[in-house]
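Given next are the chains, with one letter for each unit.
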Amino acid sequence: MLAAIGVSSVQEIFDRQIPEAVRLRRELDLPQGLPEQQVFAHLSELAARNTSAEDELSFLGAGMYDHYVPALIDMLIERSEFLTPYTPYQPEISQGGLQVMFEYQTAISELTGLPVSNASAYEGPSAVAAAGYLAKLHNGRRRFVISAGLHPHTIETLRTLAHGYGMEVVQVPLTTGPAGGVTDPHAWARAIDADTSAAIFAQPNFYGAVEDAAALSAAAKAAGDGGENGAAGAPVVVAQVDPIALGILESPGACGVDVAVGEGQPLGNRLDFGGPSFGLFAAREEYLRRMPGRIAGETVDVDGRRGFVLTLQTREQHIRREKATSNICTAQALNALAGVVYLAWLGRRGIVELGELLLARTHYARERLARLPGVEKLHEQPVVREFALRLDGDVDMAAVRRRCVRRGVNPGVDVHELSGREEDRGVLLVAITERRSRADIDRLADVLEAAIVAERDPAAARSSLGGTAQLVGEDPVADEAVGV
Amino acid sequence: MSAIDENHLHSDPGIDGHHPHHGLATAAQGEAASPLQRERAKTIFQKGAPGRRAFVCPPSEVPDVDGEQLLPARFRRTSPPRLPELSEPEIVRHYVGISKRNFDLDSGFYPLGSCTMKHNPRLHERVAALPGHARLHPLQDPDRAQGALELMYNLQGALAEISGLPHVSLQPSAGSHGELAGVLLTRAYHEDRGEKRHKVLTPDTAHGTNPATVTMAGLAVVKLETDADGGIDLDDLRAKADGDVACLMLTNPNTLGLFDPNIEEIAAIVHGVGATLYYDGANLNAVMGLSRPGDMGFDIVHFNLHKSFTQPHGGGGPGSGPIAVSERIAPFLPRPLVARLDDGSFTLEHGPAPEGSKSIGRLRGFHGNYGCFVRSYAYICSLGADGLKDASEAAVLNANYLLARLREHGVAEYLPLAYGRLCMHEFVLSGGPMKKELKIKTLDLAKRLLDFGFHPPTVYFPLLVDEALMVEPTETETKETLDSFAEAIAAILAEAAKDPEIARDAPYTTPVRRLDEVAAAKRPVIRQALD
Chain A
249 MLAAIGVSSV QEIFDRQIPE AVRLRRELDL PQGLPEQQVF AHLSELAARN TSAEDELSFL
309 GAGMYDHYVP ALIDMLIERS EFLTPYTPYQ PEISQGGLQV MFEYQTAISE LTGLPVSNAS
369 AYEGPSAVAA AGYLAKLHNG RRRFVISAGL HPHTIETLRT LAHGYGMEVV QVPLTTGPAG
429 GVTDPHAWAR AIDADTSAAI FAQPNFYGAV EDAAALSAAA KAAGDGGENG AAGAPVVVAQ
489 VDPIALGILE SPGACGVDVA VGEGQPLGNR LDFGGPSFGL FAAREEYLRR MPGRIAGETV
549 DVDGRRGFVL TLQTREQHIR REKATSNICT AQALNALAGV VYLAWLGRRG IVELGELLLA
609 RTHYARERLA RLPGVEKLHE QPVVREFALR LDGDVDMAAV RRRCVRRGVN PGVDVHELSG
669 REEDRGVLLV AITERRSRAD IDRLADVLEA AIVAERDPAA ARSSLGGTAQ LVGEDPVADE
729 AVGV
Chain B
74 MSAIDENHLH SDPGIDGHHP HHGLATAAQG EAASPLQRER AKTIFQKGAP GRRAFVCPPS
134 EVPDVDGEQL LPARFRRTSP PRLPELSEPE IVRHYVGISK RNFDLDSGFY PLGSCTMKHN
194 PRLHERVAAL PGHARLHPLQ DPDRAQGALE LMYNLQGALA EISGLPHVSL QPSAGSHGEL
254 AGVLLTRAYH EDRGEKRHKV LTPDTAHGTN PATVTMAGLA VVKLETDADG GIDLDDLRAK
314 ADGDVACLML TNPNTLGLFD PNIEEIAAIV HGVGATLYYD GANLNAVMGL SRPGDMGFDI
374 VHFNLHKSFT QPHGGGGPGS GPIAVSERIA PFLPRPLVAR LDDGSFTLEH GPAPEGSKSI
434 GRLRGFHGNY GCFVRSYAYI CSLGADGLKD ASEAAVLNAN YLLARLREHG VAEYLPLAYG
494 RLCMHEFVLS GGPMKKELKI KTLDLAKRLL DFGFHPPTVY FPLLVDEALM VEPTETETKE
554 TLDSFAEAIA AILAEAAKDP EIARDAPYTT PVRRLDEVAA AKRPVIRQAL D
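Chains as they are written, first to last, in my numbering: chain A, 249 to 732; chain B, 74 to 604.
The set of hints was computed from the structure by calculation and includes no laboratory data.
Among the hints, erroneous ones may be present.
[Said to hold, decoys possible] Cβ-Cβ distance ranges computed for the label pairs, FRET-style: (1) B/K269 - A/R438: 28 to 34 Å; (2) A/E534 - B/A412: 34 to 40 Å; (3) B/P162 - A/V548: 41 to 47 Å; (4) B/R401 - A/G414: 21 to 27 Å; (5) B/G140 - A/A646: 36 to 42 Å; (6) B/A412 - A/G414: 41 to 47 Å.
[Said to hold, decoys possible] With a straight-line Cα cutoff of 30 Å, these simulated DSSO-like cross-link-like pairs (lysine-lysine) come out: (7) B/K571 - A/K571; (8) B/K595 - B/K173; (9) B/K269 - A/K571; (10) B/K313 - B/K272; (11) B/K269 - B/K514; (12) B/K313 - A/K571; (13) A/K571 - B/K296; (14) B/K272 - A/K571; (15) A/K571 - B/K514.
[As the list claims (entries may be wrong)] Taking beta-carbon pairs under 10 Å as the criterion, some of the chain A residues facing chain B (in silico): (16) M249; (17) R297; (18) L320; (19) Y381; (20) T402; (21) V418; (22) H434; (23) A435; (24) A437; (25) V458; (26) T562; (27) E570; (28) A592; (29) R683; (30) V701.
For every residue, glycine included, the Cβ atom is placed at its ideal position computed from N, Cα and C.
Please put together the full structure from these sequences, using the hints given.
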């Protein structure tokens, strides 16, 4: 090979091209390579030091959920034909991937009730920021009005990226009191005006509450309509939706939402410590040519056969460069495949049945836990698969959670730790998937109750153990730890 | 050919200039009427029947509660989403069936320039699927996710060493997301110094993501010219580098496959006006262990784990685009970062930035595409310091060998190297003479290559090369594969010399032939019409 090239060594190829001053004349300071079985052993050992949803009874959610992933998804996403191609730049030999995109777009349009879907965005929060960018391109206004019911990561992501493209972000609080827990409709209407580019809320919101999406959409359009001479009419109404709830919740499209975005992980994607998953992104027809990312379209070949291509590419960075509607290139095709296979597996009836199951079990769990001493519901709004509780002010949340996890039950997310908001102190966010049975929920109730009792009165808790010799060190709680 | 070889299309034209035209056209017409083909063209929404299902819902186990109490009717969906209704075997057949209409890296040579289609070891899929990684919740308490945090910490360290830049954030979801992080970092850096710089220099060879990113970050693109040797035109750079410039975004080796010989001077000019130097890591596969962006003077680098570090591309993602930065940029890095404490344990803060933080904030939810980190970390562990260097050396050797073989075949007369004599890990040919002499375009050559069982190189990029063909063989390929690819190109040119129509009408052996992209864009049909 060297002779064909006309050099005497591989080094010569580098020497002739890279200036000496920027050559690395030492070995990288990294360990030497390992045989496959040792790499497997190392990665297995690292995995074993994580407590996964396999190792404990987990009620963690807040954006990603431990739903069951059917076996056929594992099989399909490991097929070389789906796993190893690049983006389908050559449609004649990429019909499989392009058809998957087309089917995925169809499924997302059905779920959201919006006619236009892209082939995937990165994930949930950045999809919200991408929707904001679409709104800015659409109407050129300077402000986003957002509900405080958005996920804290969504708000932070939107602020980061909106700062880049020069937008102001105004946050509307949630209601308090008996009708608390949802976006304050009066503050919402007051905050939105003819300078509002997009009005953004979450459905259900971060605290699990089902929002009145139709009312929020209508109010945003009424409050922000620039009138006949206003820039491009009303603000763009954006909803960050939980796709698994859309079997039972009215679709965003039917509620008057213009752009629906969301985290796709609940649809057949594993937790993976937070990614990769996919972001869904769907909109009304009028936004088609401002959509970010890949879109597959149907066409025919020279012989008249049905086929699929990447379409409307004049929106995209490789054609439009600085005038593109987004910089996105590689997105989440394989995760979107898992999403559409999951929806096909659930099917037309299954997505409703699963939604009803989540409603019933979540309701049961919420009522069961809210009856515990020192625990109350954060709000009374309907919930689908997640709800927020408030622990008594005198109970140390971190200590309660520690006691629970030592008994193999992870009771949910400490919201204050995630959001940093003072009003979120003592708020526990509990997620229920179809993998959590009634017995699991009952166990959570028992363990949480014991933990709260112990924290309120350590002496009583100790005596209640009745000298069963289960004391471990100074810890009065029986050590039933799993995988810790 | 196996991946795209449907049983009714078995004619392999080989590399002997065999003329497949008429027989295959007939086959295609006959096929349009075949029941099997009609079935193949259906989407999953056109299959199945009412009542069929795969999912069996578990019993609720909890007491029945009035539906109105669970969810008032005004919030309820009136008509459920019209998802398909199929049994599991139907779903499996459907997706396995359409999978066979994909060409993939496991089936053949994939020399797509700037995409680094290197082998994806199956070990990586196995370790990523371990429940301790795959079923780990992102909000698990850090003290019970120590394995994951150690993995991320080690990966940060390895990327820092490979890039020569000490501070790493793994958060960006893909290369373009990393670019956005990089430009926002640059902006934050200048703003922190009280400077409003609004221009970003990008060479005309840059990936389209560079200028698109600049706009999204609220800055303005200023284009730089390429000089006669394929590098940045230094005079143009000197003329445009001023106090308004925030950053120069550069790929090195660039998209022509050339290492810019003036990189030290470029860095000096850019730093001289107080701007930062950004490294687009798309082409890092040329220089791992051989030359480091940090040592070249770059302040910010993004990596494409789905290119240099073997995260499988999945037909368009997932990717992962970590960034590494110099000391002066570090305070602005996105949060959260993984850190090691004095006791040897690892931390990660889920919550908001602490008071006084200069971080640009989050770019997405949670901590990045961890599943990709697992695969790329496994890759780095497998190869080690010496192996990474070997990989880059082999990638560069392969590219230069393929270039030499094409010359031997006389291909250079029609497809000359656009710039230079040698190349790094990829090279760009110009199809201009081919178009003039042989009457076939680069697109025709690419489509004809499909009949020979190869994925074509990147075409029509970079934009400054007429009829560009950008070839990146990667270290994965054997000499035999490179030889047969060179022979195929030569055969197609020879064929075109006799009858250019063959290439112009290609491909013939693929599941579909050339598709009407204009019609697709003019009247977009982007979802299945449902009853």
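Results of checking the hints against the structure:
| no. | hint | verdict |
| --- | --- | --- |
| 1 | B/K269 - A/R438: 28 to 34 Å | holds, 33 Å |
| 2 | A/E534 - B/A412: 34 to 40 Å | violated, 46 Å |
| 3 | B/P162 - A/V548: 41 to 47 Å | violated, 30 Å |
| 4 | B/R401 - A/G414: 21 to 27 Å | holds, 24 Å |
| 5 | B/G140 - A/A646: 36 to 42 Å | holds, 38 Å |
| 6 | B/A412 - A/G414: 41 to 47 Å | violated, 32 Å |
| 7 | B/K571 - A/K571 | violated, 43 Å |
| 8 | B/K595 - B/K173 | holds, 29 Å |
| 9 | B/K269 - A/K571 | holds, 22 Å |
| 10 | B/K313 - B/K272 | holds, 10 Å |
| 11 | B/K269 - B/K514 | violated, 46 Å |
| 12 | B/K313 - A/K571 | holds, 21 Å |
| 13 | A/K571 - B/K296 | holds, 14 Å |
| 14 | B/K272 - A/K571 | holds, 15 Å |
| 15 | A/K571 - B/K514 | holds, 28 Å |
| 16 | M249 | holds, 4 Å |
| 17 | R297 | holds, 3 Å |
| 18 | L320 | holds, 6 Å |
| 19 | Y381 | holds, 7 Å |
| 20 | T402 | holds, 7 Å |
| 21 | V418 | violated, 17 Å |
| 22 | H434 | violated, 20 Å |
| 23 | A435 | violated, 21 Å |
| 24 | A437 | violated, 19 Å |
| 25 | V458 | holds, 5 Å |
| 26 | T562 | holds, 7 Å |
| 27 | E570 | holds, 4 Å |
| 28 | A592 | holds, 5 Å |
| 29 | R683 | holds, 9 Å |
| 30 | V701 | violated, 22 Å |
Going through the hint list in order, the structure does not satisfy hints 2, 3, 6, 7, 11, 21, 22, 23, 24 and 30.
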